[in-house]
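Chemist: Going down the list, the sequences are from chains A and B.
Heads up: the first sequence runs through residues 1 to 340, numbered per our numbering.
Heads up: the second sequence runs through residues 1 to 340, numbered per our numbering.
These are computed hints drawn from the structure, not numbers from a lab.
These numbers come from a predicted model, not from an experiment.
Glycine included, C-beta positions come from ideal geometry on N, C-alpha and C.
Worth double-checking, as some hints may not be accurate.
Keeping only pairs whose Cα atoms sit at most 30 Å apart, straight-line, the calculated DSBU-like set for lysine-lysine is [unchecked claim]: (1) K291(B) to K164(A); (2) K297(A) to K7(A); (3) K291(A) to K291(B).
To give an idea of the chain A side of the interface with chain B (calculated C-beta under 8 Å), a few residues [claimed, not checked]: (4) A58; (5) C60; (6) L204; (7) H205; (8) A207; (9) A209; (10) R228; (11) L247; (12) W250; (13) G273; (14) E274; (15) T285; (16) R288; (17) L340.
Calculated Cβ distances over 10 Å to all of chain B for the following chain A residues [as the list claims (entries may be wrong)]: (18) K7; (19) L28; (20) E69; (21) H116; (22) R118; (23) T155; (24) W170; (25) R214; (26) V294; (27) N312; (28) R313.
2 protein chains.
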Amino acid sequence: MERTDKKFLFGVIGLDHDHIYGMCDGLLEAGAELKAVYDKDAQKTAQFCQKYPGVRPARCEEEILVNKEISLIASAIKPDLRCGLGIRAMNLGKDFFADKPGMLTLSEIEQVRQCHKRTGRKYMVYFSERIHVEGALFAQQLIEAGEIGEVLQVTILAPHRLRKTARPEWFFTKEQGGGIITDIGSHQIEQFLAYTGEEEVSVLHSAVANYANREYPDFEDFGEAVLRTGSGATCFFRVDWFTPDGLGTWGDGRVFIMGSRGSIEIRKYINVGETRDRDNVFLVTADREQKFTVTGKVGFPFFGDLISDCINRTEKAMAQEHVLNAMAIAIRAEHTAQRL
Amino acid sequence: MERTDKKFLFGVIGLDHDHIYGMCDGLLEAGAELKAVYDKDAQKTAQFCQKYPGVRPARCEEEILVNKEISLIASAIKPDLRCGLGIRAMNLGKDFFADKPGMLTLSEIEQVRQCHKRTGRKYMVYFSERIHVEGALFAQQLIEAGEIGEVLQVTILAPHRLRKTARPEWFFTKEQGGGIITDIGSHQIEQFLAYTGEEEVSVLHSAVANYANREYPDFEDFGEAVLRTGSGATCFFRVDWFTPDGLGTWGDGRVFIMGSRGSIEIRKYINVGETRDRDNVFLVTADREQKFTVTGKVGFPFFGDLISDCINRTEKAMAQEHVLNAMAIAIRAEHTAQRL
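Produce the complete structure using the sequences and hints provided.
Modeler: Here's what the structure looks like:
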């Protein structure tokens, strides 16, 4: 974990998704201080304060937004309110760190882009399925070390457990939730960009379905897409809400990276049918098969880098355009998806 | 292994691909007798006779084709000669069993269909990646037992080792080899049809590339496609010649089947980075994760069924239209593939 010498204070607005805990843990472990929290739901706020005893509950969003001590606002407010909140924060001189999906429309992306240009403030997105998964980060190190040559194809399976009765109503609406490719798919697209190092990506195919949740006609419980980079590498991903209850975790997330000289498989969260451990990475090269279990060995440099970026106005954690590009590709794939 | 009481004799014409050994082993284990072999290459013929001591080398194709004792001709003659040979065999009253790809063009498929209608003879294809893989057959049994509900999506990774210097020149040409989707892809399409039980399939996307073998401009070392059944299930497969030399077998073939109530993974030929055993099947349902290792436990009923079909004029092993349909979808996906 990278730490910074300077004091770095952040506040939280919006606890609609539990990802906020992952976001806060990452920032806290990297040395940030959590100052204040606001959510209109008093019970959620109380739970949050119990988890982070030093945090002060604020009376309103404004109280946090105008606090000059606070450098960054982290938010898991529901998706359709993220962009509006982020722009308010940036206009008040704060950097903003949103749960994914960061934006729901191409218009929101353009608003964020313009606001970033005008204010110089950051609008980062928590693409947890890469930046908060040591197996995923280790695979990237293997690629960067040249172990598999040029990345030619990436296949990602990203099943998620629905926990239907535990979800709020907005989760099932496209207007407030964004649709499955915009939501879960944006993670996969961000990984493809990161693993290929390319930003120019076209959508060759995308599709969504509602196979098993017809009482929510707007909901998508399945999505898939095929992407292509400018240099001809492709990505297939499938995202779904069909993780069976018998699986030992919320989803058997897998990534298969085919390179010109080797291949990598990441079993992110479980080694299904074998062991409960996570972050298993399987490398095959010209001379070997090798299994790595990297939990606790890689860390999550994104968070320390983000703090340092906010202090030094750099882009080490993630470039602003990379964030906007990943979300834009997801939204384009969502909008052009055929309904199965 | 199912055996038949009646004597069932077959002959072999064409040893261009080593798959002929798998085809013969399957038939012999199911009780057929291998009578005669012909290939224009005397060395290949000698090797074949050494492996199967009872077999008699013939002086020409005709000698086998007109032999009234022989019921079926098995052939791994090079792909562009298969259809012609098969039709000659059928016209002479023989059933025909070809290595995949069984045909290279839609016109060849139509010729086989008409010949089948006229003669009543069979033109079967060796879709080995399902019918000769116990893990793949076991997964089908799990599906048929209702373990995962309705099949919604199938993802197949089918890497193969190139062994570039060991391949004949025709292998690298599209006219004689058929292209990677027609060739290796036909296996994957056949599996999708078998696992969904559907025959109406459209091609939503397909692409091919020559990433690393530019000295053979016609060759495709990568292919991918997305298919959709009439009821809305989809399939993504990727096929390639990039198996790294460090892998303990020729390819880390995987199949992931997502059902409405559970999921299945098949690790066909190796448990990469873990163990050398094959036929590992991972089932996840509402109440459990379960690993099965099924080598030696399922057998290969296709071959006994095929012999029985030839004797009794039934379609238990595989329907003629299923064979033609799988090949037609592969050829359509190949023809419409974009070049990456």
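Chemist: Work down the list of hints and note, for each, if the structure agrees.
Modeler: Consistency of the hints with the structure:
1. K291(B) to K164(A): Holds. K291(B) to K164(A) sits at ~27 Å (cutoff 30 Å).
2. K297(A) to K7(A): 26 Å, holds
3. K291(A) to K291(B): With a Cα-Cα distance of about 19 Å, the restraint between K291(A) and K291(B) holds, given a limit of 30 Å.
4. A58: 43 Å, violated
5. C60: Constraint on C60(A) not satisfied, violated at 44 Å.
6. L204: 6 Å, holds
7. H205: Holds, about 4 Å.
8. A207: 7 Å, holds
9. A209: 6 Å, holds
10. R228: Constraint on R228(A) satisfied, holds at 7 Å.
11. L247: Given a least distance of 5 Å, the restraint on L247(A) holds.
12. W250: 12 Å, violated
13. G273: With a minimum Cβ separation of about 4 Å from chain B (threshold 8 Å), the hint on G273(A) holds.
14. E274: Interface hint status for E274(A): holds (7 Å vs cutoff 8 Å).
15. T285: 5 Å, holds
16. R288: 4 Å, holds
17. L340: OK, holds: L340(A) within 8 Å of chain B, min 4 Å.
18. K7: 44 Å, holds
19. L28: Non-interface label stands for L28(A): nearest chain B Cβ at 33 Å, farther than 10 Å.
20. E69: 48 Å, holds
21. H116: Check passes; 33 Å lies beyond 10 Å.
22. R118: 39 Å, holds
23. T155: 6 Å, violated
24. W170: Nearest chain B Cβ is 25 Å from W170(A), so the label holds.
25. R214: 12 Å, holds
26. V294: 13 Å, holds
27. N312: Answer for N312(A): holds, closest chain B Cβ roughly 40 Å.
28. R313: 39 Å, holds
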